[in-house]
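> Here are the chains, one letter per residue:
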Amino acid sequence: MKQPPLKAILGHTALVVLSFVYVLPFAWLVTTSLQPDEERSKAPPAFIPAPAAVAKALEDATGRHLAYEPTGVHYVKGVTRVPVPLFFRNTLLVCTLTVIGTILSSSLVAYGFGVLQWRGRDVLFYVMLATMMLPGQVTMIPVFLIWREFGLINTFAPLVIPAFLGSPFFIFLFRQFFLTVPRDLVEAARMDGAGELRIWAGIVMPLSLPAIATVGLFAFLGAWNDFLGPLIYLADQSRYTLSLGLAMFRTQYGSEYGQMMAVATLMVIPIIVLFFFAQKTFIQGIKTSGMKM
Amino acid sequence: MSPTVPVGLANYRELLSDERFHHSLYNTLVFTLFAVPVTMLTALVLAFLLNMKLRGQAFYRTLFFLPSIVPLVASSVLWLWLLNPDYGLLNTMLRPVLEAINAVAGTGFRPPGWLVDANYTKAALILMSTWGVGGSMILYLAALGDVPVTLYEAAELDGAGAWRKAWHVTLPMISPVLLFTLVMGLIGTFQYFSQAWIMTPNGQPGDATLFYALYLFYNAFLYLRMGYASAQAWILFLVIVAATILVFRTTRRFVYYGGEGT
Chain R
0 MKQPPLKAIL GHTALVVLSF VYVLPFAWLV TTSLQPDEER SKAPPAFIPA PAAVAKALED
60 ATGRHLAYEP TGVHYVKGVT RVPVPLFFRN TLLVCTLTVI GTILSSSLVA YGFGVLQWRG
120 RDVLFYVMLA TMMLPGQVTM IPVFLIWREF GLINTFAPLV IPAFLGSPFF IFLFRQFFLT
180 VPRDLVEAAR MDGAGELRIW AGIVMPLSLP AIATVGLFAF LGAWNDFLGP LIYLADQSRY
240 TLSLGLAMFR TQYGSEYGQM MAVATLMVIP IIVLFFFAQK TFIQGIKTSG MKM
Chain V
0 MSPTVPVGLA NYRELLSDER FHHSLYNTLV FTLFAVPVTM LTALVLAFLL NMKLRGQAFY
60 RTLFFLPSIV PLVASSVLWL WLLNPDYGLL NTMLRPVLEA INAVAGTGFR PPGWLVDANY
120 TKAALILMST WGVGGSMILY LAALGDVPVT LYEAAELDGA GAWRKAWHVT LPMISPVLLF
180 TLVMGLIGTF QYFSQAWIMT PNGQPGDATL FYALYLFYNA FLYLRMGYAS AQAWILFLVI
240 VAATILVFRT TRRFVYYGGE GT
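Line by line, the protein sequences are chains R and V. Sequence positions in the first sequence follow numbering that gives the first Met the number 0 and run 0 to 292. Sequence positions in the second sequence follow numbering that gives the first Met the number 0 and run 0 to 261.
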């Protein structure tokens, strides 16, 4: 199904124009990671990386300081200053476990709220939602004390175990998708004698692949960028995650700004690649291809 | 932290007469009222655009998701520069436009001070929030992909144009996800914290960005009044619960769950 040419042209135009706005933060990140330190002290600093000759020509032509000569020094220094490979391994471990735990536990609970019928279901659903409504700033300390009682401070447990116990945000999200799964299919499977676990694994989950992919992405991103959790629970530097490593560039003598941006760029690129290849999964309509409604 | 002493309702009584508390509640309500619809609409428009059958959508989708991946520390520095009243990109672009209008109409418009002018700080932060809508955008895309093609075909047979198809087919079909983003948006903006904490510390200028969670945080960790902060938390909790119940009640008629059949 192709769009008519006029519509396609309008669509592309809108997307290209908006792209410039939305690509800015990433472009900014990359450009500041390539800027020599002396460039940043200028006001306003130039933001287009270019060879020196081009930069000079641009300045002569426009009368404004727009381009600078890029340097890779922040990347070299940044990667050696902080043990990036080790932090990367830690982050990946936490992320993977979080994604697995979140998808399994949250979808199971959501099955109870979205597919099963039972008395008190909706009341309990609202109670679960309510647990998200207390601001984290006040629950932070009590939760920390609980983990300390368990003796699990300075391990990955406080970061990973909650993912296996269901998260209200993702349970709500799964529920919204599960409620659109045709009831007839579930009923038919029950008639055939399938248990609820079979229906969850064999019908509801396969029909919710876009939801699973979205939850997986959000859970991964949340764990990848989580700063407060690792900051509170991890004391030992050998267990640090990348987002904690990023903060290490802020020293008492001011920020190692360029290095921080270089490591942040390195942190963002895998996510971009992952997203680029995974984005199809979010959009594919599963229910529509598989059957008649 | 000092040992706990029961004080009854003293904290709540004090909140009643705390001017800064009232102000933070007001700031948050205004912010929520505008930020939630504006971000939802932005995400929806982007999702519609990205759902068109066009070449290179994988590329576009990735671009529009970028602001949601870039660490907040990096993007907030960028925004401070974009919104700088003197040499920021936004005002650099706005200035010639306003000058042209002034020359023609004889008015005296000047580019706003954004984060340094108390009248514009909330607008600036809302503008900034339209940028990080990647999450909702993806959710809408996922929901749009789930709308059965047969429904569109049936609507076309009935002679429905693009607008009527969007209104009568697309929106009802993605309404469960719209409800989700509305509720999560409410919860999120009522607890709006990180951006304000980084961009406008201390609620500057003149407490215009003293949001509820920010004031709560100051009470808990700066003034070390955990009890007072907890009282604030419970009030916020009640406000959010009330808002959520209101949303679920009023939207019941508009949210369509396909699985329940007709």
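Bear in mind the hints are in silico, worked out from the structure with no lab data behind them. In this text, all values refer to a predicted model and were calculated from it rather than measured experimentally. Incorrect hints may appear among the rest.
As the list claims (entries may be wrong) - Below, in silico cross-link-like pairs of lysine-lysine (DSBU-like), each with a Cα-Cα straight-line distance of 30 angstroms or less:
1) R/41 <-> R/55
2) R/279 <-> R/6
3) R/6 <-> V/52
4) V/52 <-> V/121
5) V/52 <-> R/279
6) R/55 <-> R/76
7) R/6 <-> V/164
8) R/41 <-> R/6
9) R/279 <-> V/164
What the hints assert, rightly or not - Beta-carbon label-pair distances, calculated as ranges:
10) V/253 <-> R/123: 34 to 44 angstroms
11) V/32 <-> R/40: 35 to 45 angstroms
12) V/170 <-> R/16: 24 to 34 angstroms
13) R/269 <-> V/117: 56 to 66 angstroms
14) R/40 <-> V/251: 28 to 38 angstroms
15) R/103 <-> V/155: 39 to 49 angstroms
16) V/253 <-> R/149: 37 to 47 angstroms
17) V/94 <-> R/85: 24 to 34 angstroms
18) V/116 <-> R/8: 36 to 46 angstroms
19) V/13 <-> R/186: 54 to 64 angstroms
20) V/149 <-> R/149: 37 to 47 angstroms
Just so it is clear, CB atoms sit at the ideal spot from N, CA and C, and this is done for glycine as well.
> Need the list of violated hint numbers for this structure, in ascending order.
4, 8, 10, 13, 14, 17 and 20
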